[in-house]
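Novice: Sequence:
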Amino acid sequence: MTTRQFAFSSSCRAGADTVLALLDDVDGWSAWARPMVMQTYWERWGESTPAGPGAIRKVGAWPVWIRELILTRDDTGQTYTVISPAAFTHYLGSVTVLPAAGGGADIEWRVEFTARRRIADPVLNAVLQTTIAGLLKRLVRAAERRSAREERARR
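If you number the sequence shown the way our numbering does, the last residue is 328 and the count never jumps.
It is possible that part of the hints are untrue.
[Said to hold, decoys possible] The following label-pair restraints were derived from C-beta to C-beta distances:
no.	residue 1	residue 2	range
1	GLU324	LEU244	18 to 28 Å
2	TRP218	GLU323	20 to 30 Å
3	ILE292	TRP218	11 to 21 Å
4	PRO236	SER184	29 to 39 Å
5	VAL296	ARG322	32 to 42 Å
[What the hints assert, rightly or not] Derived EDC-like pairs (lysine to aspartate or glutamate); straight-line CA-CA distance at most 20 Å:
no.	residue 1	residue 2
6	LYS231	ASP197
7	LYS231	ASP279
8	LYS231	ASP200
9	LYS310	ASP200
10	LYS231	GLU220
11	LYS310	GLU281
12	LYS310	GLU220
13	LYS310	GLU216
14	LYS310	ASP190
15	LYS310	ASP294
16	LYS231	ASP198
Everything labelled a hint here was simulated from the structure, so no lab data went into it. Just so it is clear, CB atoms sit at the ideal spot from N, CA and C, and this is done for glycine as well.
Input sequences plus hints: build the corresponding full structure.
Specialist: Laid out in structure tokens, this is it:
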């Protein structure tokens, strides 16, 4: 089977902390991620924090749910894998958020996967690339809006 890899990156005017806070607030994803993601919630919290290692987030909408297990979470982002549905023999996603030299943040969302069935590979690749690119775009927009609101509130 073929292992596919892709990555999308973007610069964001909001700081890394703002971006990471939005990623960690899984219950709030539907406010910024629609129509890519209609509903999200924590099925299980992580070991040290709700978004920490061991956490399981459910993403999607009934009857189609994707369950993702958070593998790592640190100051620069997270790694995760899909535990259901069983469309993959291997799936590793990562979101890396680093402070940008001139302010703001640089974000990279990377995915590596192997489809369980060869026939599903091109469809999964197209759907995942469209979804991840859309989520990254919406994440940047939401972080920049939140940052602008916080800046106005400080004035």
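Novice: Of the numbered hints stated earlier in the document, which are not met by this structure?
Specialist: 1, 3, 7, 12, 13, 15
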